[in-house]
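Let's have the full structure, built from the sequences with the hints guiding it.
Listed below are the residues making up each chain.
2 protein chains.
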Amino acid sequence: MKNITLKEIATTLGISITTVSKALKDYSDVSEKTKKAVKELAENLNYTPNSFAVNLRTKESKTIGLIIPEVTHHFFSNIIKSIIDAAEKNGYLVIILQSNESLELEKKQVDLLINKRVDGILISLSNESNNDSHIQDILNRKIPLVMFDKIAKLAKCSKVVIDDQKAGFDATQHLIDNGCKKIAHIRGPLNPQNSIDRYLGYKKALESNGIPFDSKLVYTCEKVNFEEGLEFTKQLFEEHPDVDGIFAITDLVAVGALAYCNDQKINVPKDVKVIGFSNWFMSQVITPKLSTVEQPSHEMGITAFNLLLEEMVARKEESEYIPKTIELETQIIERESSRN
Amino acid sequence: MKNITLKEIATTLGISITTVSKALKDYSDVSEKTKKAVKELAENLNYTPNSFAVNLRTKESKTIGLIIPEVTHHFFSNIIKSIIDAAEKNGYLVIILQSNESLELEKKQVDLLINKRVDGILISLSNESNNDSHIQDILNRKIPLVMFDKIAKLAKCSKVVIDDQKAGFDATQHLIDNGCKKIAHIRGPLNPQNSIDRYLGYKKALESNGIPFDSKLVYTCEKVNFEEGLEFTKQLFEEHPDVDGIFAITDLVAVGALAYCNDQKINVPKDVKVIGFSNWFMSQVITPKLSTVEQPSHEMGITAFNLLLEEMVARKEESEYIPKTIELETQIIERESSRN
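Chain order of the listed sequences is A and B.
In terms of the UniProt record's numbering, the first sequence has 260 at position 260, counting the first letter as 1, and numbering is strictly consecutive.
In terms of the UniProt record's numbering, the second sequence has 43 at position 43, counting the first letter as 1, and numbering is strictly consecutive.
No wet-lab data here; the hints were simulated from the structure.
Fair warning: there could be bad hints in the mix.
Claimed, not checked - No farther apart than 30 Å at their CA atoms in a straight line, the calculated lysine-lysine pairs in the DSSO-like style are these:
1) B/K39 to B/K22
2) B/K22 to A/K107
3) A/K116 to A/K142
4) B/K36 to A/K116
5) B/K7 to A/K108
The model shown is predicted, which means the values in this text are computed figures rather than measured ones.
Laid out in structure tokens, this is it:
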């Protein structure tokens, strides 16, 4: 691609580069006639200011990086949508990378974004990640950083979260309130904080209702998908045919549980009540309609971007910035799958 | 954010900037001792090459732009995933923008990407867009451009498409083959080419089977969502209670149709057979499972990126590039909702 330079415009019109530059910026010390000539020629030649040169001058790229585990996950695609919109309204473009739940890939992507000199980074960690060296690297370089949803508790940066433990507690309590006495939990992987916290909430709810915790009723997903929901529910009914409640780490897994029950003519909610997590769109259109925990994805995206913007502004002004953690509310949505 | 420069490293070590630069690039005319000292200092100071300066030199940004109508749409989120992965493997980052089906926003976004000097642009047009001035602008500047899925037929750029007319024909023929005699079409908006083509395919299938076309059996979506599917199916059964087949522009609309039927105890597929388009994930988990047209989203994303890469390489080498159109195969997936 051939790019027209200020110099070419200057040479063509027989004026200085400075005059061309000033004319394009509407400086008052350039005559209207010259301004008109410069602007017309610039338009005819498809001149665009060289953004690399602009970047060199301003030291801003007006670009932010966003790393998420999985683009096609309903929850994350909603967050992407909110972040892109908020960024665009504030004059920022968004480079999106997906870690595919791999720490190695995530580290590489952080390096790419640092080399690209993005003005800030938004990240939701992969299942393998924690407060690792790549996070430290961002912080050491004083690049604005906000974690959301899947965070490292100890990282010294801003965070947007929900109270996963409370939400896990509420989901389990909801099943108990609706009559369940033997509740299984299909949990997420062992490492991610949100998976740990939802599991702890489940345990705590059993405990405060005097229901003994049985580790055999806990199944651990690796991939957190439909197939695992289906398979673990099959195992569950083979091993514990008297189970009467299932709390699944996410709606996708819960939908797998419903698919098994539908197939085996196990009546949901009569024989077993099921609750998921995240409120995916499909939860309201499957049969039976799935009860779930509403996680405010849109609000999470907006809040994460706004925190990043605050820090980018502060860094630019070289003023101090104290990281914040914002916790968003969740709520139980009762649909058919858990109704008493 | 404070960035370390080559100059600072040179001053600290008392050597020239050129030597520092050469040492970092492993030139053979710099001693191993100096290289080691430079590299260690660079690492300690968190030195990263200034990508803006690198960009100025190479005239490449190693960044591409991707504009799509809607990030959260299942089909597009799959495409985003494929494009990001393919781009990353080839050393490109992807800036993603969503037009929200607005021509005005899409034009603004094209300007943003041009100003950002991306190396190429991938676009799936908004419902309001066609071969408009912003597309011409990209082509005039010789910026590599590939359209996919929602394209402007007359634009002189590479394209990745499916044969929407054939796919619409096949979907309708499938309903006819399974016994339908009075088939409604819930179509997409009037402007987009893929919506027109699917509608033409529907008409042609009726015609070649000797079924008279009745424009009253065609309902036109504006938003192409679940609610419109539900509402138009309600209208359809009020106006034509003897309808026995529905072909919907996309699975989301078809799922709305199923929801109405389920609610009204209209038996699918006994009373009415339904087929959607795109093969969203939820289509295989709802009741009844939805028949649909498989659209190869993953392959479409990869193919679009590869075409763009071909053109970017050609432009860089200043060799000529002739745009290509690649058509991908679709296929009917028969599930419960259309079974005879």
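How the hints compare with the structure:
no.: 1; hint: B/K39 to B/K22; result: holds (11 Å)
no.: 2; hint: B/K22 to A/K107; result: holds (27 Å)
no.: 3; hint: A/K116 to A/K142; result: holds (15 Å)
no.: 4; hint: B/K36 to A/K116; result: holds (25 Å)
no.: 5; hint: B/K7 to A/K108; result: holds (27 Å)
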